[in-house]
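Q: Take a look at the letters that make up each chain.
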Amino acid sequence: MATPAPDATVGTAPLVRLEGVRKVYPMGDVEVQALRGVDLEIHEGEFVAIMGSSGSGKSTLMHILGCLDRPTAGRFYLRGRDVSGLDADELAQIRNETLGFVFQSFNLLPRTSALENVELPLLYAGVGGRERRARSSEALLRVGLGSRMHHHPNQLSGGQQQRVAIARALVGRPRVILADEPTGNLDSGSSVEIMALFQALGATGITLVLVTHEPDIAQFAGRVIVMRDGRVKEDRRQTPRPAVPEAHPAGETAP
Amino acid sequence: MNPLETIRMAVRALLRNKLRSFLTTLGIIIGVFAVIAMVAIGEGAKVQVEQTFASMGSNIVIVMPGTSTQGGAMGGMGSMPTLTWDDLKALRNEASALKAVAVQMRTAAQVQSDDQNWTTSIIGSSPEIFEIRSWPVEDGAPFTTSDVDVGAKVAVVGRTVVDKLFGATADAVGHTIRIKGVPFQIVGVLAKKGQSAMGQDQDDQIFVPQTTWQSKIQGGLQKFIQGAIFASAVSAEATPRAEAQIKDILRDRHHIDVGMDDDFSVRNLSDMANAVESSTRVFTGLLASIAAISLLVGGIGIMNIMLVSVTERTREIGLRMAVGARRRHILAQFLVEALTLAIAGGIVGMVGGYYAAQALSQAFGWPMLFRIETVFLAVGFSAAVGIVFGIFPARKAAQLDPISALRYE
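Protein chains in written order, with this note's numbering: chain A, 1 to 255; chain B, 1 to 409.
It is worth saying that the hints were derived from the structure and are not from the lab.
Since we're looking at a predicted model, the values are computed, not measured.
Just so you know, not all the hints are guaranteed correct.
[What the hints assert, rightly or not] Derived lysine to aspartate or glutamate pairs resembling EDC-like cross-links, with alpha carbons at most 20 Å apart:
| no. | chain 1 | residue 1 | chain 2 | residue 2 |
| --- | --- | --- | --- | --- |
| 1 | B | 192 | B | 128 |
| 2 | B | 193 | B | 163 |
| 3 | B | 89 | B | 252 |
| 4 | B | 396 | A | 89 |
| 5 | B | 396 | A | 87 |
| 6 | A | 233 | A | 39 |
Generate coordinates for the entire structure from the input sequences, incorporating the hints supplied.
A: Shown next, in the form of structure tokens:
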């Protein structure tokens with residue numbers, strides 16, 4: 001076991017470091033090699049887009065980065081701490097404290113207000129009711145949904161639902177937000193809005209990792225990692241294209 | 001996450017599907033409803049039986065004369081008088097465990113007031129009978145030992161007799177009634193006693209001194225008692241001892257050798273009460289098994305719906321895990337949902353059962369008794385059902401893999 005790096009070195013050490021990470025799934029008699037040795041560093045404040053065709057291993061990589069799965073071999077250091085050998089409850093704690101998730105299908109609880117959806121991570125963090133509500137309202141304000149806190153998901157547009165999900169990812173004050181095809185279910189207008197929101201969040205220092213197969217979306221990121229056959233095929237930095245939403249049909253603006 | 005939050009979350013989840021939650025818990029509601037209603041009425045009936053026996057007199061021991069045997073055909077118990085007036089005296093003097101002893105001789109006869117007539121039981125006895133049967137004289141006074149000695153034509157009558165002869169509100173004391181044409185003066189009216197354990201109206205009786213009964217009402221045997229001996233033991237605990245003493249004295253006096261059958265029988269009311277109570281217990285046992293079956297069926301209903309719910313909410317479970325729920329959080333969430341359904345069902349069933357029992361008892365005049373223990377029993381059983389049948393679906397939910405749960409379609 002590597003000794004966890006003290007917090008003082010966090011600024012210089014990478015936030016995420018993968019060393020020879022492999023993931024093998026048994027599928028009956030055959031073993032599927034989803035990741036065949038990935039070395040990767042992501043630093044604090046980066047906006048990374050992971051691209052690749054289906055079966056390239058990008059989703060598996062995302063699951064490992066999100067502490068939803070453990071590598072079969074290799075090491076995964078998150079904030080200098082080796083998390084590749086932790087058990088399910090320890091990983092749940094890391095997800096709760098350090099990570100935020102945004103999914104393609106939003107995954108909001110139905111018939112539950114936006115505010116209560118956003119409160120969910122804080123509920124498991126043991127935050128008291130009053131503070132929970134205050135922080136959740138703050139997060140909803142941050143994604144521009146201040147006036148829709150008590151709306152249920154079925155009263156919100158797709159873009160608004162995804163913004164609720166982003167507020168939910170933000171509310172636990174994570175170091176990294178992992179977004180899995182966050183614009184996959186949205187029209188292009190809403191997609192640009194969401195990307196603008198991500199860029200705004202990135203500007204405040206939050207690290208973003210985005211899985212997408214759309215090059216249009218990847219161009220809003222500052223770094224693009226292309227996966228193929230379980231390996232990193234390409235890793236390039238670029239000048240992100242600023243996302244400029246055309247108009248706001250809801251009449252609300254993201255900060 | 002504190003327990004209160006978990007409960008709040010469970011209630012909210014259940015309220016999201018109100019109709020389904022209600023239907024799920026219906027099994028428990030009906031089970032508990034039936035049990036509470038039946039137990040309340042059953043307990044009421046049991047207490048009524050107990051009170052009836054208590055009203056028949058405390059620590060009563062009844063000695064019945066024996067059977068007659070003619071040409072090998074046995075007559076029924078009491079068919080031949082075997083008890084003598086000397087036996088009565090001997091019991092009074094020798095049985096230390098007896099507090100009071102009296103005869104009770106019964107016959108049916110017509111009685112008349114000035115303008116009414118009625119046929120009822122005429123009982124010949126002595127004043128002790130009112131003590132033995134713990135039956136106070138409400139108006140007037142019981143006849144006395146000297147009335148017995150001189151064979152006075154006085155009578156103590158029951159309420160029903162007063163009703164029939166004089167009307168419900170009449171003051172009968174001092175009036176004269178004719179029994180078999182013989183005038184008797186009413187000296188006392190007995191307090192209302194209601195039905196006996198066998199369903200007879202105990203207030204439909206007239207008591208007269210035993211000597212008068214023999215000379216004016218039912219002449220005949222002189223040496224033998226044409227009826228039974230009623231006695232009361234000094235205490236409830238002394239009842240078995242009193243019975244043994246009666247048997248010893250009578251066997252000795254009747255010269256019955258060891259190994260021969262008694263020519264009399266001794267019964268006590270607590271034996272009879274026990275017989276009634278044991279049948280009540282069988283009844284209660286049957287009710288309990290019906291309750292167990294209905295709770296089992298209710299529990300299976302809950303488990304079924306919880307399993308459906310876990311499958312339906314697989315993505316929700318995946319999401320909760322992704323945002324930091326540990327396995328025990330998920331386990332607790334689903335277990336508390338099952339528990340909430342079961343306990344809510346138990347409470348609704350209990351309240352419903354209580355009012356149903358009340359309505360039934362009002363409609364049919366059945367007594368009911370609702371014990372506070374029943375509340376804890378009903379809620380406790382429902383909770384146990386919730387845990388037993390909720391644990392499996394909850395474990396299933398908690399053991400889901402977050403990735404496949406999130407991807408579940």
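Q: So which of those numbered hints doesn't the model satisfy?
A: none
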